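Going down the list, the protein sequences come from chains A and B.
Going by this note's numbering, 106 is the number at position 106 of the first sequence; the sequence numbering is gapless.
Going by this note's numbering, 166 is the number at position 166 of the second sequence; the sequence numbering is gapless.
Simulated from the structure, these hints should not be mistaken for lab results.
Mixed in with the good hints, there may be bad ones.
[What the hints assert, rightly or not] If you want the footprint, here are the derived chain B segments under chain A, 3+ residues with CB under 8 Å:
hint, segment
1, 114–126
2, 202–211
3, 223–235
4, 245–257
5, 302–316
6, 330–339
[Said to hold, decoys possible] Over the 10 Å line for every Cβ pair with chain B, so calculated as not near, a few chain A residues:
hint, residue
7, 1
8, 58
9, 84
10, 175
11, 256
12, 261
[What the hints assert, rightly or not] With the C-beta cut set under 10 Å, the calculated list includes, among others, these residues of chain B facing chain A:
hint, residue
13, 69
14, 72
15, 75
16, 76
17, 77
18, 85
19, 88
20, 89
21, 90
22, 91
23, 274
24, 319
25, 322
26, 323
27, 327
A quick note: this is a predicted structure, and the numbers were derived from the prediction, not measured.
Even for Gly, the Cβ is constructed at its ideal location relative to N, Cα and C.
So the chains spell out like this:
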Amino acid sequence: MLAGTAIYAIINSVILALMAIGFNLTFGISGVANFAYGAFYVLSAYATWMMINLLGFSYPVSVLLSILITALLGAAMYRFVLMRVRGQALSEVIATFGIGLAVLELFRYFGFVGFEYNLPVFADYSFFIGGAFVDMQRLLIVAIGVVLVLGLWVFTHHTSLGLAFRGIAQDERTALTFGINPDKIAMLAVAMGAGLAAVAATVIIPLGTISPEEGYDVLIKALAVCIIGGLGSTGGVILASFVIGFAERFTDSYIGSHWTMIVSLAAILIVLAVKPSGFFGKQKELEERI
Amino acid sequence: MKDPKRLFGTLAAILLAGVFLVSPCFGAEPIVIGVPTSTGFLEGKECLRSVEMAVEEINAKGGVMVDGEKRQFTVASLDIRDAAPGVPVPEALLGLEKIILDKKPAALVVGPFRSEALMAGMDIISKYKVPMIGTIAMSPASEAKIKENPEKYKYIFRTCLNAKYLVKYLVGTMSFINKEFGFKRVYILNQDVAWARATAKILTDVYFSKAGWEIVEHEAFPTGTGDFSSALMKARAKKAQVILPIFDMPQSGTLVKQWNTMKVPSLLAGFISPLAGPGAWKTFDQKIAGAVNCNFEMGSAISSAKMPLSVAFEKAYDARWGKPLEAGHGPAPSYEAVYILAEAIERAGSIEPDAIVAELKKTERNGIIGHIKFDEGHQAIFDMDPATSAVAAVFQWNADGSRTIVFPPALAEGKIQLPEGLKSAK
């Protein structure tokens, strides 16, 4: 039971990290709190579903196209809406939240409700590990989560674009003197965050179904993880995901599922009381955030 | 035409003819049926479509006879959003009042999802004296309110299953499982919402504790929970023979998938809304075989050859809307509500609210959900025999994606099959 709970806690933690990493990347680089993040997550899932079921595209093609489309929509949102209000935090939040709300409610308005909307699993096996059966999709989520985090680290530390990202994150004015266009980088950061939301949706949605409510749920989870971890810190996001992920599953197993939310919220409150900026939050300091 | 008198006479004749020709159109103004519900949710969407279907059928036959004149029905719907998380009851009530004032419906059907919205809305319905046949909200508290003040709340009726009858069906299923297999160890999982908590508690109080069952664990899960691994590991560790789920959230399908992939040797039998319709087989990657589910009304995403009207309804819905019914609660009683209303109007010969209500009380109809008759709380009576009452249906998913009705005995098409690794205790 203990080993099984630990395995499912790790899986839960990776799911939370995947849900939050795109939001965190966008905020860490561009300073934009993208409240349309949950809508991008749901939009990409519906886009994949439509390409598979209505257009007859293959699953891999649909996934790649939907990630690309979601990223492009993220870029468009920055270029046509956010660029005009950049630097005004409240306006950014209102604008992105409004866009997210409109997208999610449009799906509901056009009848995208019901249980038939879901995505197929990558592979359909179960393994007996640590005294419990674990399905292949969940193991793949862990693998993809690890690859994604490592890939992001390599990207931000060993590519010129990644270094430009970090330059903007550290000091926008200084980066400008090096010829780095902050608007272009911020646009790419929003696009990449939206694309990461699409990647998360692709791997997580097959465990359940697609619904507009998922958008709100994902946004709240991403916000909780990012705030505990410290907005903008990738290390913080990973640590916070594991704190919440383990707290949830161990509460489920050893205290009771109706306490899960209370224990998770208590964990959030304790962390914020001890360290108001989150585990690795440095948003008030001119330090590296990613 | 040079003669002015002749010209005037001709014009007058044309005018008179026009008045006579047009007047029947004024008299045949359509009767509005209001559908205030959460149309953004599956049950609301399919209930509205079922209402539209019934209206189209009635209109195709000329409409309803009111005071010697055939009149057509027309549907006016409004999304009152009460099913959406975070939407306060007053907002839903505003929608209810708006549709009554704007569309002037002769009656309302379907109505709110949440019982809190229905309870609060009963005063609005009484104020404007609009008969309503509800088909979603399930709390018996509305019946108690009607019984307390029958004159004031006489306008409210319900054709769907209520929580009391759901418990009756779940008790019947558990009792049947106990009798067939000798199982006595149950793990109860319910959504942490009022109706599901109440259903689980009543089941425990009126049945499990008295019938000698051991409740190995009882857990409530917050709405939105998407991982049930801990509960399923506990069910395995505590050797639960039956897992009884009570959920109506979309994520609850995950419970069944995990039950399958984690190979838990327990019979999963209860209510999980996403399992109701035929599409669940594809939605949940064909991983739901063995699950036993209760659909709240016959005809709502399940039909029986023993009740041909339910089969005809499913086929007609599929043909009309291009996809099968998926909601196990609401569509069939919504369709019936329109026919019940039409019959009441014809018997009353009027669309006066009090006259309609007086006739609604006398309803005796053999419909797709069985024999429909209201009790003194204006609730359609549900029992186990479709010849004498309305019925629900408990079915099991088979390994080939088909469904077999296993309860009530009058409609059973087969026996419950136990999942791999679970043997009968008899």
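Hint check results:
Chain A is given as covering the segment 114–126 of chain B, and this is violated because 0 residues of the stretch bring a CB closer than 8 Å to a CB of that chain, at least three being needed. A count of 0 residues in the segment 202–211 of chain B with a Cβ less than 8 Å from any Cβ of chain A is obtained; the coverage claim is therefore unmet, three being the minimum. Counting residues of the segment 223–235 of chain B whose beta carbon lies closer than 8 Å to any beta carbon of chain A gives 9, which meets the minimum of three for the stated coverage. By the rule of at least three residues with a Cβ nearer than 8 Å to a Cβ of chain A, the coverage given for the segment 245–257 of chain B holds, with 5 such residues.
With 0 residues carrying a beta carbon less than 8 Å from a beta carbon of chain A, the segment 302–316 of chain B misses the three-residue requirement, and the given coverage is violated. Coverage of the segment 330–339 of chain B by chain A is violated in this model, with 0 residues showing a Cβ closer than 8 Å to a Cβ of that chain against a need of three. A beta-carbon of chain B comes within 10 Å of the beta-carbon of residue 1/A; the shortest separation is about 6 Å. With a least CB separation of 17 Å from chain B, residue 58/A remains clear of the 10 Å interface cut-off, as annotated.
Non-interface call for residue 84/A relative to chain B: holds, since the shortest CB-CB distance, roughly 30 Å, exceeds 10 Å. For residue 175/A, the non-interface assignment is confirmed: its Cβ lies about 40 Å from the closest Cβ of chain B, beyond the 10 Å cut-off. The claim that residue 256/A lies off the interface is violated: its Cβ sits roughly 6 Å from the closest Cβ of chain B, which falls inside the 10 Å cut-off. Residue placement check: residue 261/A does not keep its beta carbon more than 10 Å from all beta carbons of chain B (closest about 5 Å).
For residue 69/B, the interface hint is violated, the least distance from its beta-carbon to any beta-carbon of chain A being 36 Å, above 10 Å. Interface restraint check for residue 72/B: the shortest CB-CB distance to chain A comes to about 26 Å, outside 10 Å, so the restraint is violated. Against a cut-off of 10 Å between C-beta atoms, the interface hint on residue 75/B is violated, since the closest Cβ of chain A lies about 17 Å away. Look at residue 76/B: its Cβ only gets to about 18 Å from chain A, farther than 10 Å, so that hint breaks.
Evaluation of the residue 77/B hint against chain A yields a violated restraint, the C-beta minimum of about 13 Å exceeding 10 Å. Evaluation of the residue 85/B hint against chain A yields a held restraint, the C-beta minimum of about 7 Å falling below 10 Å. Proximity of residue 88/B to chain A is violated relative to the hint, the smallest CB-CB distance being about 16 Å (cut-off 10 Å). About 19 Å separates the beta-carbon of residue 89/B from the nearest beta-carbon of chain A, more than 10 Å, and the hint is not met.
With a cut of 10 Å, the hint placing residue 90/B at the interface with chain A is violated, because the nearest CB-to-CB distance is about 20 Å. With its C-beta approaching chain A no nearer than about 14 Å, residue 91/B sits outside the 10 Å limit, and its interface hint is violated. Using the Cβ-Cβ criterion of 10 Å, the hint placing residue 274/B at the interface with chain A is satisfied: the shortest such distance is roughly 4 Å. The beta carbon of residue 319/B is not positioned within 10 Å of any beta carbon in chain A (closest approach about 18 Å), and the interface hint is therefore violated.
Here the hint on residue 322/B is broken, as its CB sits about 12 Å from the closest CB of chain A, past 10 Å. Look at residue 323/B: its Cβ gets to within about 8 Å of chain A, closer than 10 Å, so that hint holds up. Because the closest C-beta pair between residue 327/B and chain A is about 8 Å apart, less than 10 Å, the hint holds.
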